[in-house]
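Enquirer: Sequence:
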Amino acid sequence: MFKKIQNHLLLRHPLLWNTKFIPVLVITLVVNLAFFIGGYITGAVDFTDPYGYNILRDFKPIAAFLAVVIALLVIILWLVFYVRNNAFKSYYPKKNNSLYKEWLILLIVCLLNVSYIPIYEYAYDLRARNYFDKEEVIKRADIISKASLFVNGSYHSWDRFDRTMYNELLNKKPLDSLREYHEEAEAIETIPAYNHHQRNYDEDDDYYNREWDTVCYFENEYKLTSLMNRQKESFFIQPDINDSLNEWKVKKWMLNREKDSVRKVLNDFFALANEHGLKANITVEQWLNFVYKPDMYEDFQIVGKHSMDAIYDERKENNEYTETNDTENNFTKNIDGIIHIYPKYYVPFSQLYNGYDRISGAYVSPIDYKDIIGYFIFGFSVSLLIFSFRVTSAKSWLIAAVSIGVLGLVTFIFSLVAYYFLNEFIIIDEMTLFFMIWTIIIALCFFYFLHRNKIKTSKKISGIIVNVLLWLLPTLFIIAYAYAWYYFRIVEEKTYNPYLISYEHPPFQKWLDENLTLCIYCWLLIIILYMYPLTRLIKKWKGIAEA
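Just add 543 to wherever you are in the sequence shown, counting from 1, and you've got this note's numbering.
Just so you know, the hints here were simulated from the structure itself, not pulled from any lab data.
Cβ coordinates follow ideal geometry from the N, Cα and C atoms, glycine included.
Any given hint might turn out to be false.
Unchecked claim - Straight-line alpha carbon distances no greater than 27 angstroms define the calculated DSSO-like cross-link-like pairs of lysine-lysine that follow: (1) K836 <-> K795; (2) K836 <-> K807; (3) K682 <-> K766; (4) K1002 <-> K638; (5) K1082 <-> K644; (6) K1085 <-> K997; (7) K1003 <-> K638; (8) K822 <-> K677; (9) K836 <-> K766; (10) K792 <-> K775; (11) K1085 <-> K1003.
To be verified - Computed beta-carbon distance windows for the label pairs: (12) I580 <-> N1058: 30 to 36 angstroms; (13) L1061 <-> K682: 30 to 36 angstroms; (14) Y1075 <-> G904: 39 to 45 angstroms; (15) K682 <-> S924: 40 to 46 angstroms; (16) K836 <-> Y1024: 55 to 61 angstroms; (17) I1004 <-> Y1075: 21 to 27 angstroms; (18) G1086 <-> D914: 41 to 47 angstroms; (19) V907 <-> R1079: 42 to 48 angstroms; (20) E828 <-> F921: 55 to 61 angstroms; (21) R672 <-> F989: 43 to 49 angstroms; (22) K682 <-> Y1026: 45 to 51 angstroms.
Work the whole structure out from these sequences, hints included.
Expert: What follows is the structure in structure tokens.
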């Protein structure tokens, strides 16, 4: 059957037969399918892991290693058969578009051969997203984020002591005004920052400010180690402001002594834990009694995030703390001579947080186009390298590679020296000068190639030039980007005002920053488009006599 297919391709589609496209296409598709299945299997979410280890993640480096090895084997074996028959070099009759089609075949093969890792990563995250839809994940993440205020965790640092204005800001700002929210939040400051590295302070110190040890919530003052100052846990699936709003709501319930609202937070958490078969050694009512201390929320019992959640009670730093808290409410272990303190009471918070953090991360960017860009660029580069070898000779290919390397080194050194000695006379920096030189080199190569095609006397060094053009024409995007940034820098220096708190960048620069990924994909599309006339020129060039 395979021979029949090959014979059919030889007679009806010689280009597909000559490039061995069908066999390599089948192989790469099968390998991609295998990596997809492997990624989906290893992408399972473990809701019982309190440490976030997830043993299935260990397969990621193994998958990456296998992807590299298999890609090398496939490309080497395919090239062995591909280079055996070169109809172009043998002057077999070929249609005008045949070279372009051959490069497209090369591009498809190279892209499929470098896509094993992205396919694995996509399937890995797809498995996590298939547990719940995005709205349900956000709903469950909110439950976990609210409950995080009542388990072992850290406190807000004292430099954010005045939370009243901060929380009012959260309440009035729409969620789509994140830039304004951050700018106004940073402007809230009523007490100068205190650098503890410069001076140690205590209550008898003249420099001591009582408010350094307190935090203000809704015009009420609490100690820094009060439960009112506990930090929440966040998820990437939504902006941090959403989690801050959750924190603000719960703390307002705590302040207003809305015990039933606090109980509902804990009940919702237990319902989520029970759904995943996770157990705690306390009930909802016990948990509520441990943490609901509405006077000042100071004398609360620390509830662990899991059974072996080592804790450090920061209330030890206060005079009112009693050492009996360590033994009555916790238990200790001596590990290698170091005393570790663990809570007697715990809930399966870490297990739930790690599980939903994994799902949340999978939803943040189902397809990370920024990461995929690297694979696309690599695939394009390999296809151009193989194609240039296909249409020229090994000698021209090697000379072109060496020439570019030597010229690159010489022009770089020249740019550095010229900038060092002539910086008073030229307004451009060394990298811009380097790119300008290479722009001229690429332009000269292009016009030389057009000239040889026009006069049709002999090829001379045009074989080397063809390789140079195929390799360097795509770099014009990078050069143009460098020119744009040099222009932005010149404009910025001319309009810089040291008295302005923030500097407004030009609209085009802001657009370029925000749409760089789109620009790169457009650049790759432009390469596909300009390769059509370039391959037609190369086909005409092949008919020119060698000497």
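Enquirer: Does each hint hold? Answer for all of them.
Expert: For each hint, the structure was consulted:
| no. | hint | verdict |
| --- | --- | --- |
| 1 | K836 <-> K795 | holds, 14 angstroms |
| 2 | K836 <-> K807 | holds, 16 angstroms |
| 3 | K682 <-> K766 | violated, 31 angstroms |
| 4 | K1002 <-> K638 | holds, 21 angstroms |
| 5 | K1082 <-> K644 | holds, 12 angstroms |
| 6 | K1085 <-> K997 | holds, 13 angstroms |
| 7 | K1003 <-> K638 | holds, 25 angstroms |
| 8 | K822 <-> K677 | holds, 26 angstroms |
| 9 | K836 <-> K766 | holds, 14 angstroms |
| 10 | K792 <-> K775 | holds, 12 angstroms |
| 11 | K1085 <-> K1003 | holds, 12 angstroms |
| 12 | I580 <-> N1058: 30 to 36 angstroms | holds, 35 angstroms |
| 13 | L1061 <-> K682: 30 to 36 angstroms | holds, 32 angstroms |
| 14 | Y1075 <-> G904: 39 to 45 angstroms | holds, 41 angstroms |
| 15 | K682 <-> S924: 40 to 46 angstroms | holds, 45 angstroms |
| 16 | K836 <-> Y1024: 55 to 61 angstroms | holds, 58 angstroms |
| 17 | I1004 <-> Y1075: 21 to 27 angstroms | holds, 25 angstroms |
| 18 | G1086 <-> D914: 41 to 47 angstroms | holds, 43 angstroms |
| 19 | V907 <-> R1079: 42 to 48 angstroms | holds, 44 angstroms |
| 20 | E828 <-> F921: 55 to 61 angstroms | holds, 59 angstroms |
| 21 | R672 <-> F989: 43 to 49 angstroms | holds, 47 angstroms |
| 22 | K682 <-> Y1026: 45 to 51 angstroms | holds, 49 angstroms |
Of the numbered hints listed earlier, the single one contradicted by the structure is hint 3.
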